[in-house]
Structure formats: structure tokens, C-alpha cells
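*Asks:* Protein chains in written order, with the numbering used here: chain A, 1200 to 1472; chain B, 6 to 231.
Incorrect hints may have been included.
Unchecked claim - FRET-style restraints, in silico, Cβ to Cβ:
1. A/Asp1242 / B/Trp52: 51 to 59 Å
2. A/Val1221 / B/Leu60: 49 to 57 Å
3. B/Thr131 / A/Asn1357: 25 to 33 Å
Hints listed in this document are in silico derivations from the structure and should not be mistaken for laboratory results. Backbone N, C-alpha and C define an ideal beta-carbon position, used for all residues, glycine too.
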Amino acid sequence: MGDARTVEAGSPGTSAARPDAVLLEVQALEKAFGATRVLEGVDFRLAEGEKVCVVGPSGSGKTTLIRCFNLLIEPSRGKLFFRGELVGDWPDRPATINLRRYRRRIGMVFQHFELFPHLTALDNITLAPRRILGHSRAEARANAMQLLERIGLTHVANAHPHRLSGGQKQRIAIARALAMNPELILFDEPTSALDPEMVGEVLRLMAELAREGTTMVIVTHELGFARQVADRLVVMEAGRIVEQGPTARMFEAPERQRTRDILQLEASWGYRL
Amino acid sequence: MQWSWLHILWVGLQVTLRLSLYTIGFSVVVAAAFAVASISRWRLVRWTARFVVDLLRSIPILALLIFAYYGLGKYIASWHVDPFWMAVGALTLGEAAFLSEIFRAGLEAIPRTQWEAAESLGFRRTSALARIIAPQAVLPSIPGLVNMSIFTFKDSSLASVIAVPEVTQVANQLVSETFKPLQVYLLLAGFYLVVILPFTALAGLAEKAVTRYYGLHVDKASIARN
């Protein structure tokens, strides 16, 4: 193609993974919707390359927490750092950074996929690289086709989302996030809306990303998956972190009885890889 | 009835069609602007848009026409504005107010999570609206747009009171010359019918075709099931 314009993605990429470099950190994070307090002082650090699963009963604030990470939800109080830089300090210094530039560095995968229904699978993936990163059509297309090949969905490239199964939709949604070359991907209950027979294909793709060193924060009820993939487990309840720690220890020797109870409750439903 | 009536009314119908098409065209643009303004993040813009829309909705189009022609006429006489364009202006304001509510409903029907998906990819609000939200709102707005177009077509007859030679005005004149109101007005009704009937049928088909293509309803159903 004659289009010679190639604009670099603004992000440094995830290649240079330093195991203990803190990628994202929140301190004393609080969120209230009117009188409803959803987060009540959460402290959390995420190292580069780390895979963290967040579990807990519905309404425990898991989704709100990760939505605060990319500021889809603005915290009421607390601090947010990304790569050591202060993103915002609420309520005194709300985010002064360029929100769009910040958000494009963080991918997000939603419970209900949120593919754009008026666009084909391919266009869903190429839209943001073209419009946000300024990639040429040919370049964005080539990247997208590579991603589609990787997730084994080249044959649906030109299908609109309504023609795809739930599992296919979620894999396309993951590819859409990956196409932005994010430094971190947030997953908000990525398999909760799927029919049971489709959960596996999505979890397998996520496990593959994890193996490749993608930094991921995953809100999930899939404890089997968490156990295999997560470096660390965060257990939440009523807007607080009950306990967090290395996955194996959290399952085998949690410090608090409440952690044990919640994990037991969550384990009563789930999928094994 | 004479064959010459058909010709006379046909000339009037052409003016009616021109009047309606201009009005619909401008209404879509004006209504889109109002709809976007009415979902703005800035309260002042939002409130202003909604106030103007409510104001226009509560004024009869006939009153708008008379106001433009007789009310403003004296002051803008030196501009030599054709009554045709005054009618286009007044009808546009009147119809756009309703149409903007249809567009706004279409925009507001797109789930908030679609905005979030766009924002999480780094889209600014305006480009999310243009590339992701608005295109999805087009389809649900089509039935309303068709309805408004039919109303516009019929409302254009009001322009007869400000001497726009559209088909109703032409018919009135014909009556005053022939003294055969029943026959003339029946014929007039037939003229309106002939335009409107195929239009509704065609619009219905188009809507079905687009629905099938995007399968938006299929999508909604699958989300509802979960």
C-alpha cells in the first residue's frame, strides 16, 4: 500500500518487564455514590508483569475498584499513581493529567463485551489504533489480522458482532484491547455473561496472555482460573480488601477466617481449565 | 373536474415537495445539533438546548409561520425574503424541535457501557459520539424520522396562509375560481395520499433491512438473556 505514514504507539510497551517495578498503585481509595459507600479505603499495588485476580461477593466493590484504575469512575478520595507518577489525589487534586492519553495505556475487557455493534469484528479492533494512535488503515488491518490469527478468529473478521457467539465476542473484545498495545489490561468479570461451554475458550486465551507476561487485573468468580494463573489474589468484601497475598497461600493458608469463607462460597461455582 | 386541474395541482405539489424536502433536510441538521447539545456534559449548553426545544415544541407551527411572515415581515422586508424560505425556516424550527427529541432518545438508548468502552480505548467524547454512539442511534431513530417527515409533508400545507404557492394554496385558489370545493379538495387529498403511502411502505422495508443487517435487536436480546 502507498500509505507510508506510520505513527508509533505512544506507550513504551510491556517488553521490559522489571518484576518489582510498581506499575499502578492506589492509596486509601474511597468511592461513594451519593450516600452509598462502595469503596472504603483500599490500598493496592500492582507490579509490572503481575497477574492479580480480585474476588469477592457481588457488591463488594471489585468492579468499582478496577474502574477507578482507568478512571472510568472517579474516586471520591485517595491517590492513584501510574509508573510512580501521581495521576490524581482526590478530592484536592483530581486528575490533572490528560485522561485520554492515560486511558489508552490501559486496556479494558467488559462483562458484556461492549463490542461496537455497527462495526465488523475487524473494524472493532482497528478503530482505536487508527483513530487514537493514528495508524494507517493498512497497518491497523495487518496488526488486527495478526491478532485474529492468534485467537483463531480470522474467519469472522468481516462479521458483525451479532453473528458471533459470546465466546467469540469476548475474544474479539480482548483483541481490541490488545491492539492498543496496553501496559495493563483490566478484566471486569470477562466470563460472567458467557454460556458455560464458552467460558473455557476465553479463559484459555487469558491464560495465554498471562504466560506471555501481560500485566493483568482480573475481577472474576473463576477460582480455578485464579488459582492457576494469578500471582496474587485479592479478596474483597463490603468495599474493603479482606486479605491479599500470593495465590497459593491465600487458598491454602489464609490469615483470616473470612477469607476462607468467601473463597469457599465462591468456589461453589466456577470453571476448571 | 377538468384535466387542467391535475396540472395546476401538480405544479403546486412540486412546491410542496420542495418545501418538505428542504424542511426535512434542514430539520435533520438542526435536530441533530439540538440532540447533541441536550446530552452535553456542560449544564448550560444542555439546559439551553432543552429550553429552546421545549419552547419551540409549545408553539404551533402556524403561529411560527404567521410570526415570521407578518411579525418579522415588516422588519425584514428590505431583505426580500421569499415566503417560500420563510416557510422553510418556520417549519424547520417547528419540526426540528420534535425531531431532536427523537434523536436524543436514540442517543440516550445506547448503553452507558458503550461510552465506557470508547473511553477506555482513549476516545474523546466527541469522537466517541461521532464514531461509536451516533451511528448506533441512527437505526432506532428511523421510524421517528419517517413519522416526522410525514408530518412535515402535511404541515407544509400551513404555508398556504403566507401565500406560498404549494398544493393546498393552489387548491384554495382553484376553489375560488371554480366554486367546486368538494371535487377540488378530494383531489387534493388524493395528491397527499399518493405521496405518503408509498413513502411509509418504503420506509418500513428499509427499517427491516437495516435491522437485519446490524442485528441490533438480536444483540439486545442476547444481553437481556444474560
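*Asks:* If a hint holds in the structure, say so; if it doesn't, say that too.
*Replies:* Results for each hint:
1. Range check, aspartate 1242 of chain A to tryptophan 52 of chain B: about 41 Å between beta-carbon atoms, so the 51 to 59 Å window is missed.
2. A hinted range of 49 to 57 Å holds for the C-beta pair valine 1221 of chain A and leucine 60 of chain B, which are about 55 Å apart.
3. Look at threonine 131 of chain B against asparagine 1357 of chain A: about 28 Å separates their beta carbons, and that is inside 25 to 33 Å.
When the structure is compared with the earlier hints, a violation turns up for hint 1 alone.
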